[in-house]
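There are 4 protein chains.
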Amino acid sequence: MQEKLYFKNDYSEGAATEILEAFVRTQLEQNTGYGTDRYCRSAEEKIRKICGCEDAQVKFICGGTQTNQLVISTMLQPYEGVIGATTAHIAAHEAGAIEYSGHKVLTVPSHDGKIDPSELVDLIETFWNDESHEHMVYPGMVYVSHPTELGTLYTKDELTAIANVCKNYNLPLYLDGARLGYGLMSEGTDLTLSDIARLCDVFYIGGTKVGALCGEAVVFTKGNMPKCFVAQIKQHGALMAKGWVTGLQFDVLFTDELYLKLSKNAIEMAKLLKEGFVSKGYTLHVDSPTNQQFVVVNEEQLRKLREIAVFEVWERVDKEHVAIRFVTSWATKRETVEKLIEVI
Amino acid sequence: MQEKLYFKNDYSEGAATEILEAFVRTQLEQNTGYGTDRYCRSAEEKIRKICGCEDAQVKFICGGTQTNQLVISTMLQPYEGVIGATTAHIAAHEAGAIEYSGHKVLTVPSHDGKIDPSELVDLIETFWNDESHEHMVYPGMVYVSHPTELGTLYTKDELTAIANVCKNYNLPLYLDGARLGYGLMSEGTDLTLSDIARLCDVFYIGGTKVGALCGEAVVFTKGNMPKCFVAQIKQHGALMAKGWVTGLQFDVLFTDELYLKLSKNAIEMAKLLKEGFVSKGYTLHVDSPTNQQFVVVNEEQLRKLREIAVFEVWERVDKEHVAIRFVTSWATKRETVEKLIEVI
Amino acid sequence: MQEKLYFKNDYSEGAATEILEAFVRTQLEQNTGYGTDRYCRSAEEKIRKICGCEDAQVKFICGGTQTNQLVISTMLQPYEGVIGATTAHIAAHEAGAIEYSGHKVLTVPSHDGKIDPSELVDLIETFWNDESHEHMVYPGMVYVSHPTELGTLYTKDELTAIANVCKNYNLPLYLDGARLGYGLMSEGTDLTLSDIARLCDVFYIGGTKVGALCGEAVVFTKGNMPKCFVAQIKQHGALMAKGWVTGLQFDVLFTDELYLKLSKNAIEMAKLLKEGFVSKGYTLHVDSPTNQQFVVVNEEQLRKLREIAVFEVWERVDKEHVAIRFVTSWATKRETVEKLIEVI
Amino acid sequence: MQEKLYFKNDYSEGAATEILEAFVRTQLEQNTGYGTDRYCRSAEEKIRKICGCEDAQVKFICGGTQTNQLVISTMLQPYEGVIGATTAHIAAHEAGAIEYSGHKVLTVPSHDGKIDPSELVDLIETFWNDESHEHMVYPGMVYVSHPTELGTLYTKDELTAIANVCKNYNLPLYLDGARLGYGLMSEGTDLTLSDIARLCDVFYIGGTKVGALCGEAVVFTKGNMPKCFVAQIKQHGALMAKGWVTGLQFDVLFTDELYLKLSKNAIEMAKLLKEGFVSKGYTLHVDSPTNQQFVVVNEEQLRKLREIAVFEVWERVDKEHVAIRFVTSWATKRETVEKLIEVI
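Sequence lines, in order, name chains A, B, C and D. So in our numbering the end of the first sequence lands on 1400, straight run, no missing numbers. So in our numbering the end of the second sequence lands on 1400, straight run, no missing numbers. So in our numbering the end of the third sequence lands on 1400, straight run, no missing numbers. So in our numbering the end of the fourth sequence lands on 1400, straight run, no missing numbers.
By construction, these hints were calculated from the structure, which means they are not laboratory data. Mixed in with the good hints, there may be bad ones.
Copies of the same chain are indistinguishable here, so a pair counts whether it falls within one copy or spans any two.
[What the hints assert, rightly or not] Straight line, CA to CA, 35 Å or less: simulated DSBU-like cross-link-like pairs of lysine-lysine:
hint : residue 1 : residue 2
1    : LYS1375   : LYS1102
2    : LYS1102   : LYS1064
3    : LYS1212   : LYS1064
4    : LYS1064   : LYS1105
5    : LYS1360   : LYS1375
6    : LYS1060   : LYS1102
7    : LYS1060   : LYS1283
So here's chain A without its partners, still in its complex pose (with noise of 0.2 Å):
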């Protein structure tokens, strides 16, 4: 039997060889622990030239979830929620953990996975114009994620437009950077890991989806990380002891562009399977611009789909369509998006 076509997701695959070939290079080195260490300099020091941000403090954590539990978390008073779209990650698919730190998720509708300014301007106002708002959660923070859940990316103008309403009430802008890479490197995005260092109050790179076994890096761009951050790290679980084991990888991948090179090759796949898809006939759920691609197909489709390839079911569009969603990675390869494409 053959293997089938894998674009369930771009965390499937191991570490980039550059990191690899560090974690074999330094095995044996000796690196004082929890984050103390010089490759964690260096990532910080790297990631702070990339941002164009010089007083950027950064933080490296193990996983995504831990780093939004523990960015709102430690950001937000206890008595403030903070605002996402309804499809936003922290609000559908996490589990719970951001209420599990105390906090409510306050929502807004969802355009293709992005949130408007002025719906935002919206919430705000009628939480403060209610005369009983002190029985009401405090709006205390805006989350977005870019790309978002459906691949969807801001505009330079649109991010603007948000961190103005952002500014205009004193809340924080936190950009979920968890897939950052591939929004970078999107053909047509003109938003800048400067523009976004210089627009968010906090964000982080995500390592995990692209090619480091683990590890996010946060940042915090206007000297505003959380007092005795370390010691909050470690209340909630999320400092490791090997702290360089992500300081490594996050050295490695801000090294001579590893990190835009890893996720050009999966928004060039991704483009490939689009353009085959539309080519072929389909209809797209959405118009997304980087590594994951929703296609709507009815029942026999999606039957013969599955027959070659593995990707995930998104969401039922109709009584006969579906859409699925193909997610392409750093590690992606031409020859397995071509021969998607001829059997569809």
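Model the placement of chains B, C and D on the given structure of chain A, informed by the hints.
Relative to chain A, chains B, C and D alone:
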């Protein structure tokens, strides 16, 4: 300048060669996420076998604090606390991670890091005999570590006595095995992995300090894994997307007894180091049979040792002496220990 | 200046005369603390009787938010959330008290404050059919209020339908009865206290808004009071030293049907007020059969009404109209309502 | 059968006559909710005056555990713990309410219920001198009670010394005054309410144990009331709809020094009782100057006393003796004490 001899801890070096090779070998394999992959399955099976516990339920978590918080908070009722020694990691050095999850750490005296079954009974009986115990925190679990914070080990009789107390009062017994390998390979120990699996309700096999990049294997031995445990792992931010990163490492560690071989090196080096100190007239602070060795030094000795070696000052012994800690690991080289002994 | 006619809420006045008399009569009696006294026992027994539920377990809590937080968080597993209408008190107006206890509020649409059984099924089925539901918050309980936030009532058929959904999915049904008396005495209702006790797994009988100084009686109807509940009440800070203060009040409220008599006054006054508004040509915002009445007014009407009465502006209806809320209580006098109707 | 003489505690009787009269007098007044009423305002003002602290911020909370949880958790940073004596109510008898809010209780030795400033310094210095203090719980607040659990009192010098330590280390000092009145009216005390307001950053004046039905007045003395405190009270489930119920009681308690007069009776009765025991040859367990008296008895004495009186067995003193506790209150009658003394 000559590099200093490094004995600061057992999480300074990278991963064992076999683990690095496995990462290289499997780089482009495509595994399903969140611990549903073949390596986790295989590692679980190997662990069940070596524990002699066919029905054991095994999960892999990234780090020790996370594991302690997760196991304790998911096994306790909200009104219960966990009992440990005053020196227990969860009592003193987890930055309040247990309290963050809503639970009190109830303490009994430490006897070189170990707890005494009769003092345990005292605490429990005092609670139940108190007419107002509904106003107190219920004892809900017993926590031991093996080796302890001070490198000491429970004998089979000692752990059996504690397990009997637990059984009598219907309290689960949890063993923190962050350095379990070093305990199992200690020369004089009569406590095996299958004893531990039989006597404890839950324990974890530490990977981070025994040759893995990261990872601990939690073992529930009585069909007692908390309900919807995967969701709870996620809720704590501890579910890794690339779950196979820990699964693969444990699969390798429990192939051809690698875990035990790695541990054995640390024990042999610790013995060499301990004998060296004793032969040179030093006093031991604790008589540790494992990879942490505690030596009493005066200020002059401390100063000299600091010139040649890296270690931790543990605690003050008296006005003129402090105890210092030397730690060996799976990666410690004989020549490093010999060089140290030579110059002290 | 004449005093304004007061319809702001049903917790403005003090306690019913019989309650005040009981406080005077028992002033120097010596009761045991923390709810172990004779008045709590007696009140519990009376509540069991009027509910037709011999085995009901009853506890008295000081206020409504506390009760909601306590019942929900002690009955849910950590990974579960509670389902309620988008307008539910716990979703919108408890300042995040549910999330503070670690749980998400999952929402279904509000139909004049009520939830629809088929939409409830949808939410539950969508969860269980989602392959990644381990990454989502488990539906763990259903919350309704009766009367709802909008004064509306469930019929016996409607509550039975919801209870059946709960039974099918093994979810406890919790009814928030902050204003329960007003629901029970509403003219058209066919839902009795014993129906509620039979259909719900837990509910509370509100005292604060029905003539007590403070206090709510929580009733567990299926032998399902959470383990060590007194310790958990204490842990939430909700165990009153003088527990008999609430017990005594409920003992009086359930003597000679005082609770129902007090409620009846509010209902009669609300009917008078409602008929008055309608007869003067006003439109109702919601057709409420209980003690909260919602009237649509334009700016001019609003201004005039504000000169003579105290009430709440509920929400904007359209550009020119807002809905305002008038609340009657056990203490509302006929002459106050008549005076209002006269001048509108 | 004759009724037993009751000395079990100071929360057995109802409210002072003046409070009951006020409830009757104000029965049909219409007050705004949630503590925004005139009685709360008036009581706050009176408390500011008697404390000699014009800018004090005052809030009324229903009970003591709630107050402790609320004050401690809203004033601490998430990574901080509160320091108290091993015997402190928050350490031993709050059913884990502090840990439930995420914070550890750090303990120093108890000296008849009091803490020692130099031992306090030790704990703080040990923390800051520990190189790994980021892995420990930060000392974030100091908790004392006055009177203590054992009825003892701090002198002005003693509390000043503790306050100085707090100031040096920038830690807020919190005084739990559940029985504050009894401390203020104790014969030998040199510590006044204005001393307390000056020395402490926050404290509460207990009502429940000093003649109120329920209620404690929290006083922030340095403009340091936590932000959005009303929302946080609500979030903890502690915001009473009829907030004026507590406000009114404190307004009465601080009119014509009622609070002090009520307290004085308990002190006089305690003195009578103490002298009685001593004159009959009994030994005191602690030399308490307030309304809790601790007497050492043997088994035979215990048996006899139990026939005539109700009290608590406090703790075992030695094989043959236990300490028992007698508590007087604002409502204790001279004849009850005299009858007891007569028969012992």
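* Asked: Hint numbers the structure violates, sorted upward?
  -> Hint 1 contradicted; others consistent.
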